[in-house]
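Asker: Sequence:
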Amino acid sequence: MKKLIGIMLAVCMIVPLAAGCGKKEEPQPSGAAPTQTAVSTGRDPLNGSETISEYKPVIAMIDNSEAARPQEGIQAADIMYECEVEGGITRLMGVWNSNMPDVIGPVRSARQYFTALASEYDGVFCHFGGPSESGDKLNVYNYMERNDLFQARCDGLTETEAYYRESSCSAPHNACLYTEKARAMIDFTPTVRAFQFDSEVALANQAQEISLKFGGNLTYTYDSETQTYKRKVNGKEHRDSDTKKVVEVKNLIFQFTNYHDENVNGQLADVAGGSGKIVYAINGKYAEGTWSKDSVKAKTVYKDADGNEIVLQPGNTWIHVVPTGTDITLK
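Mind the numbering: the sequence shown is residues 1 to 331 in the working numbering, read in order.
Misleading hints may appear alongside valid ones.
Here are the simulated SDA-like cross-link-like pairs (lysine to any residue), alpha carbons at most 20 Å apart as the crow flies [unchecked claim]: (1) Lys230 to Leu203; (2) Lys277 to Ala204; (3) Lys236 to Leu203; (4) Lys285 to Tyr222; (5) Lys245 to Tyr222; (6) Lys213 to Phe188; (7) Lys277 to Ser295; (8) Lys299 to Glu120; (9) Lys230 to Glu120.
The hints are simulated quantities; they were obtained by calculation from the structure and are not laboratory data.
Given the sequences, and given the hints that come with them, work out the whole structure.
Answerer: Listed below in structure tokens is the structure:
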């Protein structure tokens, strides 16, 4: 049986494997950050593992153009966001904490709406520039400063020791980040951002295959042996250049919101505050629910149809911020 979902919702308020970064010996950080212990809830706050990692997340903007694939380290991310940017493509933003690759990339420029999501994790935000024209509504630097979003930020335009250019790839698809150099910039005790997890998650509706148009033709196919969704873009397996394997995801969230085209060079997504609908898929099943975010720096809360915070299966989660009205086929 096939189900086609097209959420039409007004947002409540606007507030080749050689393409990866490769391995390179990392320069040693100049100083170590203070040790910080994550709040103990019995599970890791970002991936639900019973082994709780020290909470010092690295959040990074990741190129998702065809020229950038396969990217380095995306399978290891606890949380991965995917949002539209200009030109009809998407960009990724990963949150790494429990699994920390030596290198991730390619790192690209920031956008305002990504920073509103990144600030929820209170880690070091890593990007390579961003819109900066004086008076530009899309100016990401003014936005970050005005909203006091980050205590630590690793911009490739200024923190040159934390990045290198991979010679086998062409710019701008070759800026790679040394994660420990970035992580060393967390010289404070971060506020832990936690999701709810349970090893047994049972949703009602069939979702063995999920497809939608989002930065191309995006498809997820459920693998019952690994209990993960395998990702394809435009019919091609989306691989990680580190693992050399297809990207596998335990939890999928599709967050519906409005996008606004501001000019030919950018757009804004309504994720800094407001509410809307979600579709989420776990273990080959799906359900519908809602998302809400009270302010720019508040945590986005994902709830089921009964108004309870959704429960994820231990493992990685990919959150897709899709335009209102996007059709998702589940079968």
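Asker: Honestly, which of those hints from before does the structure not fit?
Answerer: As far as the earlier hints go, 3, 6 and 9 are violated by this structure, in ascending order.
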